[in-house]
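Following the hints, position chains G, A and P against chain W.
The listed protein sequences correspond, in order, to chains W, G, A and P.
This note's numbering puts the first sequence at residues 3 to 220.
This note's numbering puts the second sequence at residues 3 to 220.
This note's numbering puts the third sequence at residues -16 to 198.
This note's numbering puts the fourth sequence at residues -16 to 198.
Simulated from the structure, these hints should not be mistaken for lab results.
There may be inaccurate statements among the hints.
[Said to hold, decoys possible] Okay, derived cross-link-like pairs now, DSSO-like style, lysine-lysine, Cα gap no bigger than 27 Å in a straight line:
#: 1; chain 1: W; residue 1: K138; chain 2: A; residue 2: K143
#: 2; chain 1: W; residue 1: K183; chain 2: W; residue 2: K157
#: 3; chain 1: G; residue 1: K42; chain 2: P; residue 2: K53
[What the hints assert, rightly or not] Here are some chain P residues pointing at chain A (derived, C-beta under 10 Å):
#: 4; residue: F99
#: 5; residue: N119
#: 6; residue: R121
All C-beta atoms in this analysis are idealised placements derived from N, C-alpha and C, irrespective of residue type, glycine included.
Here is what each chain is made of, one letter per residue.
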Amino acid sequence: MDVREKVGRRGARLFKDGMLVNLGIGMPTSLSNYIPEGIKLHFQTENGAIGFGPSPEKGYENPYLTNAGANPLTILPGGCYFDSATSFGLIRGGHVDATVLGVLEVDEKGNLANYMVPGKLVPGMGGAMDLATGSKMVVVVTEHCDRNGNPKILKQCRLPLTAKESVDWILSELALIEVTKDGLVLREIAPNTTIEEVQAKTEAALVIPGEGVKLMEY
Amino acid sequence: MDVREKVGRRGARLFKDGMLVNLGIGMPTSLSNYIPEGIKLHFQTENGAIGFGPSPEKGYENPYLTNAGANPLTILPGGCYFDSATSFGLIRGGHVDATVLGVLEVDEKGNLANYMVPGKLVPGMGGAMDLATGSKMVVVVTEHCDRNGNPKILKQCRLPLTAKESVDWILSELALIEVTKDGLVLREIAPNTTIEEVQAKTEAALVIPGEGVKLMEY
Amino acid sequence: MAKIITADEAAAMVSDGDTILVGGFLAVGSPEAICDALVSSNVKNLTLICNDTGWPDRGVGKLIMNKQFKKVIASHLGTNKETGRQMSEGELEVELNPQGTLIERIRAGGVGLGGFYTPTGVGTPVAEGKEIRVINGREMLLEMPLRGKFAFIKGFVGDKHGNLRYQATGRNFNPEIALAADIVIAEVDHLVDFMDPDDVVTPGVLVDYIVRRDI
Amino acid sequence: MAKIITADEAAAMVSDGDTILVGGFLAVGSPEAICDALVSSNVKNLTLICNDTGWPDRGVGKLIMNKQFKKVIASHLGTNKETGRQMSEGELEVELNPQGTLIERIRAGGVGLGGFYTPTGVGTPVAEGKEIRVINGREMLLEMPLRGKFAFIKGFVGDKHGNLRYQATGRNFNPEIALAADIVIAEVDHLVDFMDPDDVVTPGVLVDYIVRRDI
Chain W
3 MDVREKVGRR GARLFKDGML VNLGIGMPTS LSNYIPEGIK LHFQTENGAI GFGPSPEKGY
63 ENPYLTNAGA NPLTILPGGC YFDSATSFGL IRGGHVDATV LGVLEVDEKG NLANYMVPGK
123 LVPGMGGAMD LATGSKMVVV VTEHCDRNGN PKILKQCRLP LTAKESVDWI LSELALIEVT
183 KDGLVLREIA PNTTIEEVQA KTEAALVIPG EGVKLMEY
Chain G
3 MDVREKVGRR GARLFKDGML VNLGIGMPTS LSNYIPEGIK LHFQTENGAI GFGPSPEKGY
63 ENPYLTNAGA NPLTILPGGC YFDSATSFGL IRGGHVDATV LGVLEVDEKG NLANYMVPGK
123 LVPGMGGAMD LATGSKMVVV VTEHCDRNGN PKILKQCRLP LTAKESVDWI LSELALIEVT
183 KDGLVLREIA PNTTIEEVQA KTEAALVIPG EGVKLMEY
Chain A
-16 MAKIITADEA AAMVSDGDTI LVGGFLAVGS PEAICDALVS SNVKNLTLIC NDTGWPDRGV
44 GKLIMNKQFK KVIASHLGTN KETGRQMSEG ELEVELNPQG TLIERIRAGG VGLGGFYTPT
104 GVGTPVAEGK EIRVINGREM LLEMPLRGKF AFIKGFVGDK HGNLRYQATG RNFNPEIALA
164 ADIVIAEVDH LVDFMDPDDV VTPGVLVDYI VRRDI
Chain P
-16 MAKIITADEA AAMVSDGDTI LVGGFLAVGS PEAICDALVS SNVKNLTLIC NDTGWPDRGV
44 GKLIMNKQFK KVIASHLGTN KETGRQMSEG ELEVELNPQG TLIERIRAGG VGLGGFYTPT
104 GVGTPVAEGK EIRVINGREM LLEMPLRGKF AFIKGFVGDK HGNLRYQATG RNFNPEIALA
164 ADIVIAEVDH LVDFMDPDDV VTPGVLVDYI VRRDI
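So here's chain W without its partners, still in its complex pose:
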């Protein structure tokens, strides 16, 4: 299992039946491959649809039906379309039950930074700020450290924020961490690691809960 599969399998089990879910582009999308049986989710794309299905076969694309990355979609029975004001009304109004986002940095207060690096070209935040601010549950999925081995889970974000105090769960190939008022609570660790290794690779202090840290299942 690579990082995407590990994160995808564990992340998908955070959902409950009937949830309205928005998955960011990249690693977050991988969760959709591992939805447990008996769990039916409604997927939203912020450009204006709920209930989309798999990618269409080649030759059957509808140029008017795409996801937020302009890739062709299909729609399932029971799905619906709406305009952008309604779409972000759903997002900001708390009607989206769960959003899964990638990050550059996340910190112990649940701050997240994923849209700009000062000095580099800023492509824009798109819908990320609204999704991180408005969704009932915000899940961050990420490799535990960056390419240089430095922690991405910090005491305090250094990059400009995408949203303030909004993350509920942080999921990496090493750990599942819950963001609480008392700090980052380590809920689960991967089978191939230790609490000490996870803490060593995390800048913020991890809280070990009284009921113990579980072994992550996939």
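Leaving out everything else, chains G, A and P in the frame of chain W:
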């Protein structure tokens, strides 16, 4: 011709082809009977339709298609329905070209009062405040004096206002008056009256324009 | 999938003191079966958010006649004299809003906005106690969002996924109300398996329960 | 009746320095024929309000490549590197908005509101210079309305009365943009005589001109 027909005939000639128009209940509705040939208007009802036609024949009413007074309507080809947020978005956003309203009082600043009398039961303003505030052109149609012969066109409204400085035209059975920054300009008088009589029945001072006062045509 | 229930089951969820939003304009587009069930359940001290108080024998007016409200937030009461009587005798608190402001406050509550500035009501009794601010050279009032515990709405056609479509002027307050409550219950005239996704007005994910009229 | 014109006639109405709003999300639901005509007309120093700057060969991106904008207000630029180049070399002013804030600002401009409070952007670079206010215990930013001179929108089906209907995710910014400009020009794939009034998404009274794709 009674007052309604006089006001209806002259008022209908204030419209230009293609205008989106909202007519209040009562005397304002009478304008729709006298739209000149060649002038096509779009009528809005604030409960959510544009392009309604005459009342349906008995037995052909649709319980879901009514005007703001809950009376049955028909819809013409080219008409459309929408929700109340859109309806008042059109009204407040300046997309309604003309609104015709009845009044209790109107004054030389274009203030209007038509929804409450202190001490009496207040039925509520409904859509009147939005219509008077948002429409591009606000026309007040009224009997020139109240039942006791007292002026309704005042220096300053005494009743609580429906909207501030929003009236463009005042039309009665005696006169057509334009509300301008320089005061109430008397544009037309009815054939059976004089400038002196109109002024005597009007509390606010009337401005007589340099180009003269026209005789009202029906 | 929206759960299909009876009108009585819908009414039984409501407790004394709850705030309810009800769709409809002079009872056109109001959920009549749910209103009847609320009268039967006799739940009391409710706060109502609705365009108007209907007629004595139609829409939320039936609950007015049964004295089930302690407070009403509406734009118009003229078609139900009992509302006026309760108000003038101090039995009922009434807050009147311009209709466009009322629907926009409900929308703000539903889409997560903290309030908005509108020119409607400036210089009128509606402005009393509200912040006034000049924006782009025009005086504006600050109006705050509205929400409730229950939304009772009325669709013409619903599908098993909860998607709704309205007919003609029966749409009115229903789509915004569906966004502004914790629990949304839709009464529908007709229930179908599913509809064209471009035809949906209220997304099914907003609707928790459906009450059928067609059985 | 909306007047039927060609894309070139639409483009010819635009003058140097005008503000235009253009529908579409990564060019899906953008009026391509009008964009082509605007490139041909070579009008300059425009301000663009649009979700994004499309692709180098699709949507408003074609006008970016032709350097027709002095300012862009958008939520995302990542699919058109030329936008970033012009921005970093100081040829183009760019104002980035969260997508939900951008569409709501356009809506506010279209429906006559003077601004609104939103939680989106609090604690981020978006909050710089903006009023912050605590409403119902939550920090909110004041965001102001946006409008322009022209709205260029794209419908799937239009009728001779100007009524429009969209398909799937081609709807996006188009309905709100149609409210927020002095002159609204809709490009449509198909023109019909009229449509079911319950099927209309954009009321025809908002649409001044129609550009047909089906002839």
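Each hint tested on the structure:
1. W/K138 <-> A/K143: Holds. W/K138 to A/K143 sits at ~25 Å (cutoff 27 Å).
2. W/K183 <-> W/K157: Within the cut-off at roughly 14 Å; holds.
3. G/K42 <-> P/K53: The given pair, whose Cα atoms are some 41 Å apart, is violated under the 27 Å limit.
4. F99: holds, 4 Å
5. N119: Result: holds, 7 Å to nearest chain A Cβ.
6. R121: holds, 7 Å
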